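In order, the protein sequence lines correspond to chains A and B. Sequential numbering from 1 applies to the first sequence in my numbering. Sequential numbering from 1001 applies to the second sequence in my numbering.
Calculated from the structure, these hints are not laboratory results. Since we're looking at a predicted model, the values are computed, not measured. Hints are supplied without guarantee of correctness; some may be wrong.
Said to hold, decoys possible - The list that follows gives simulated cross-link-like pairs (lysine-lysine, DSS-like), each with its CA atoms no further than 30 Å apart:
1. B:K1221 x A:K503
2. A:K330 x B:K1194
3. A:K330 x B:K1221
4. A:K141 x B:K1221
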Amino acid sequence: MTVPLSITELTHRLDYLLGPVLSSRRTAAPLAERLAALGREQQDFVLHWVEVIDRSNYEMAYQFAAAAPAALAKMDTAAAEAWILEALDTYDRDGLYHGSQVFKQIDLWLPSAADAHAAAFAQHAVVLELYACGLAGRRMKLDVAAEPYTDTETLFLPPRIAVFNDAAANFNLYKVLITLLWAQGRYGTFHTDVIAACAAYADQHRALSLLSHFETLRLESRIAAVLPGIGRDLARLRGHTSDPRCAVLQDPSATVQDSLRLLTGLYDQFEVPSLPHHTTLRAEASSTRAARLKRERSALAEALAQLLPEQATDKAPQATAGDRIEIQAKPAPGASGDFDVEIRIDGMPMAPPGHVAQLLDSILQDLGEIPDDYLHAAGSGNQAQATDNESADNGTAIANDETGTHLYNEWDHKRRHYRKDWCLLRELDVAPVDNGFVEDTLARYRPQVVQLKRSFEMLRDEDRLLKRQATGDDIDFDALVAGYADLKSGMELPDRLLTRRHKAERDLAALFMIDMSGSTKGWINDAERESLVMLCEALEVLGDRYAIYGFSGVTRKRCEIFRIKRFDEAYDDNVKQRIAGITPQDYTRMGVAIRHLTKLLNGVDARTRLLVTLSDGKPDDYSDHYRGEYGIEDTRQALIEAHHTGIKPFCITIDHEARDYLPHLYGPVNWTLVDHVERLPLKVADIYRRLTA
Amino acid sequence: MASRATPLNTRPAQGEARIIAAEPYYEPVGGEIALFEAAHASQLPVLLKGPTGCGKTRFIEHMAWRLKRPLITVSCHDDLTAADLVGRYLITSNETVWIDGPLARAVRSGAICYLDEVVEARRDTTVVIHPLADDRRMLPMEKRGELLQAPPEFLLAMSYNPGYQSVLKELKHSTRQRFVAIEFQYPNAVLEEKIIRTETGADAAIATALVRLAQMTRNLKGNGLDEGASTRLLVHAAKLIARGIPPAAACHGAIAEALSDDPEMLRAIDEFVSSVF
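Next up, chain B with everything else stripped away, as it sits in the complex (with noise of 0.2 Å):
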């Protein structure tokens, strides 16, 4: 009984459901996308592991179209709470209104709910998290007395950087030990080049040299790196570079000065620029 009334109190609503009728362009890496299919088959929940950018969130959404489910997509803040999933009370001038949030949303019409960067979350989330992650499969709406079922559409996948060194932003056992873990990682070499050429239509010697850069900076993580870069700068960069940005000021914007603030670091980076094309 979700409301269609204009509520006077909403904050802007993320994770709107969302159809993907055209195929996002998604190069398989492994088996990830049979695992993804039979873990849905299987009304098992799914946990996406791996850095920024490699794909995670195009992920999703290629299997959303593959399974032809809508996708809820809520990137997770540090003010997200268990009722901005679930839903809340509003007040219109005459009435109360329940409004269903995302999760319940996504509940109620057997879509996938992929929560981006779980563990940026609240704490309190992973009250409406667990039941739901679990066998029971069931979304308790404790406000309004009521038990969501989850039909066996529907998915609940979470992403996870496990790449962040803080002690806080690590997810808890009693949670990830619920979800089925597909953990990606940077494609090889050959595949993030055909990954850069069919996103940009760059040419191969481009490609080549843009994963070969990368692979520099991933080895200084840890080095005065938190991160190397992700497919998706290389994909930024040769984006730039197709609209005839010279390669070393297309990298320098879209890979150095995203990596780094530190003057030397930036040109370290640029040195490898130059090195490569």
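If we strip away everything but chain A, and leave its shape as in the complex, we get (with noise of 0.2 Å):
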């Protein structure tokens, strides 16, 4: 086992791995020539992964091979597992060119990727965000770049950290440079344009760097007075000695000013030290920041304006929302630099809203005070506010074309990693057709459609009056009388002598999820529509709350949901007629399509949730590798994902292979399989009958 593969073997599985981006000039040859030199274990590894970025890219699995020898003396599988996590990422964000860089550009990783102890932001992502969530209170986007700098939106932050020989040293630098890219906007490094500050100096990069330096220092004693936990690390970082001449930073009244001055004193006789915790300050953060101040402004005025007229209808019409409104923020006492808003309606306290609070907030974050002016603008006919508003419109309409669709992850087996945002999903309307479908399905089913609303009838929960109740809300007089005689006769008077009111509770919603793709097409989609109509009929009988969607799509940028009937929609013509225009499509990407619906069950509240399949076989893609395991592995993850949110889902199949696969999707009972199509539209119902019976 332990015996290394040979050239000639190694050549063999290369040229079948590669053999899309191989040629008479670039051969598997010099690839296994190299691979050969390394333990068996390793070759493994390197055809394993080969093998799995093939499924991305041919090019990129390439790339990797030629990469790996050399990369693999230095690392170890752990730290290049993440180095090709980090490329294949790259590759689905950037594309070829970006992530085939990050396989060439070894070197570049190798000096963090060699440190096992290194933190990855990747790896890190989820937390840091709550984490910059949970600082900021306004909404914080992470993402990498080369140097950490903040635009005062997104906090950027290097891909990999390992500054340190000990993991959570360098997980906790992380934490320091966002508190720090935080507190550059939160404390005001930004009030002034810093860019324009240094432009003046001779070598600006030095200038801004060294601003950046104070700034750091300044922003120290801010951090340690409410985050004590980040100032420790922040002085230790700084290696616990400070300059007597940047003593003034200290003072909790400093402001980017007294950096600036510090910056003019100082700038020939300073040398910028070499700290890990270093950001870069950029132009980006004055033009964002300006953007957010107009949007926040016009949002500000729009949302004074809506509370208004709930407050004082009988105020003088001329009265100008200025005179009307009054905000004071006072500092909050201690060294939060926090503020306590209060507003004022026509002299009258108000608390405000959420997104009011919240907005107020983050004008204060940006300004320390919200000046009288964005008062005024809520006025009614102002000119600030109609350009205001002009803005804030186009704002929305991008978001309104946006409306309909979602981006979703998707899960990769082999990486044992999600993709991220990786299918984009619409939703759409399935055209009604009028041509009577529902009504011949009725006719020629019906006395099925008696029998089975009969079924159905039983099952339906009603109130009633329970008997012989050992707790209730009323004597049960039958029961007295019988247990008076049992007393007199010498025996125990039962216990059981109440009535109780039971009332009818079948909390319950169900989704019904319709494989739409091609293969569907004829009778299989006959049958769906008829299974559809008499499950409609009986779910009319049972009041459950219900919604029908199919699914199909083309590739990952091509998912589409379509709408049949939704929870609010009652069951009429339109959902008839949609019901009988559902056409068979394209190709069943079933990941996304449990995902999306998982949204729309969990919005709906009720004890139960169901999540029903109707599928005629695997889920399969067009071209993209989704066939076979890579599409079942990601449908089982969002069937797991779909459960822990506590939503039972169960799939009703006709493919006969789905002993295979199924019971690895949906558990050993969650499913069954309808032998013969033409049952379907009996069984269907029936089986909905006893799933929640």
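Since each chain comes alone in its own frame, lean on the hints to assemble the complex.
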């Protein structure tokens, strides 16, 4: 087992794996030669990953195979895995060129990758995002960049940190950087245009670098006051030494102006120390901040205008909003730098609604006050507001364009990672067809429909009076009379003497997910549609909340969900015509459909939430490897996610091979096979009945 | 004519009247005490709105003490019916006896009746709440054919957490518009620190750090957390710290685990803890 593979064996494997990107001039032989020098375990590792990367791109796989021997000489497999995932993520995000650069520029990666203690951003992204969100109280995005900086909305962090020989310390540096970048926005680094302020110096880069250092020192004392833990980390990173020339920055009232004054004084005499938590200051910050201020100003104007009419309608209409609203923001006691905000409308204090409070807080973070003209902007017919509203409208227009499209992650089982925002899904309506399909179906199955309705009626729970109860609201006189007779004849009085009202609470919502792939063309499609007709008839009797959606699509960029019946929609002619209008479409990318419908189903408040899939075969998609194990594993992952949120998935299939994969997806009992397609219409409602009885 | 006979069929009775002798510690946030007193004097019912653990129950205890009225608290649940509030007939070996429910007892004795989390109760409870909550101030006891008139000292109070996102757990307008509403929020930082210190004897640094931690978790509301850490949780953590548990462990147990089960969220909250301490 441990004998390494020979060059010939390796050439064969690589020829097979990399075939599409090999040619007479670019053969597998040189790769095989270098791989032959590795141990068997490492060879297996490389071949495994070549196979995995193949699924994304052959060229990427080739570049990996070329870079792997050198890489494995310098790092262990865990670090190499992180390196590969980084390359694949880059490829997913930025394309082949950038992806392959990660493989080619291994030397850039090595200093950190060689270190098993390195912390990778991708690995900790979720926790770091939560941390930033909790810290900031307004939306903060995190992203990677070569050097840490912020544009005041996104915090850019290095993809990996390997400064220390300790994974926890490296992770902690991420935390420190996030706090520092947040503090730049929070404590006023960008209250002045730092780029312009440094432009006058001979070496602007050096000036900015120095200013950033001074700001870090200034912010350190602000941070230490509110987050002592991070304060200690900062002091440790600084090396506990402090330059007496910078003492002024430790004053809690120091501002960016003090840093700028220090820069003027010390520009020629101060060497910027090389510290692990050094950040850069960039021009993006001022432009982003300006855009945000403008956006929030108009949003505030709108929000305040909405507050007004509710308050005092008897006020003279000529009173302008600025006269009626008064906002006082006082710095909160203590060193936190937070504000106590009080809104008075027509002299009456009021608690601002959540979104207004958030806006005010965000503006206060940027400006340190709410300028008076912010209030005047709320007046009707005000010029400033008109222009602001225009820009706000543009914003919503874009958002409107985007409604109906959703991005979802997809699980790559080989990488054991999600591909981020991998699938683009649109919600569409099925075009209604008025061809009497529903009526025909009902006519054809008339006896069965009657029977079906009857069986569902039996399931229907009704309010009823339960007799002979141990606890209850009222006396059960029949039981009492009998009991009294018992008592008189020397027996004990039974304890079940009360009646209790039983309330029907069939608290159930079901979402039916209908396979609309091309493979359902013909009689399967007919059977599906007939099933839906029967199902709707039965469910109307039962009164359960239900929705019906179809799914299909071609590739990850065009996943489609077809609305047939929403939860809040009645089973009316429109729905009937949409059922008639269900036509086979393209492929079955199931994972993304399950994720989307899970979201919809979770929006319904019900004790039991059922996701019932009607399917004719395995998950499948056009050309991009979804077919087979990848698709099955992604679907399984999506089902696990759904399960975690409390949804009960169930699958009804007509695929005779279903036994091979459905137990793996749904578990041993949560699926059923309907042998004969023609029986489907009669079976589906019946299965639902058994499922929910 | 509430009989004292021992009934055969009793549910575990909740809502015993309680006379509060010692002043329960309560830190006023705004004018809520004056408002409550005025409502009581005007014979108006009161609705306390606010997230969990922000001091609603403590407030009502404080007011019961202040107004020197007995307090009857009923924790509402989804099986709570009108009969549970008003009362029911029970059967002893030889007779049927009527047992007053907590609401009827409160009306008879001029107590404060506090229905905690009233949206959890069944809809039919509104039948008895409505006539009691408007100017009729009477409790119909249908089964006894009796109409209880509430004495002036009686006050009906309910609590309600508007943070639930479920449409089913919203209070109907016909109900809420009978009440004087007092909104509770988490107290501001200075006040919250004072509360923690008074409740637990924690020192200023611990209280400040805990409040800062709470703010960070409250920032995550809607971003992975349904609710941020309440004042109650901070008091729990401070109590553990006072007993010598290290802050990290105390906050993990009392706050992080109480807020979430998600491992990444737990890690993030632990990171908050290590930042603020």
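Okay, the hints, checked on the actual structure:
1. About 35 Å separates the Cα atoms of K1221 of chain B and K503 of chain A, which puts this hinted pair outside 30 Å; it is violated.
2. Of the pairs offered as hints, the one joining K330 of chain A and K1194 of chain B holds, with about 20 Å between alpha carbons and a cut-off of 30 Å not exceeded.
3. Straight-line distance between C-alpha atoms of K330 of chain A and K1221 of chain B comes to about 25 Å, which keeps the hinted pair within the 30 Å bound.
4. Note on K141 of chain A and K1221 of chain B: the hinted pairing holds, with a Cα-Cα distance of about 16 Å set against a maximum of 30 Å.
Of the numbered hints given earlier, the model fails hint 1 alone.
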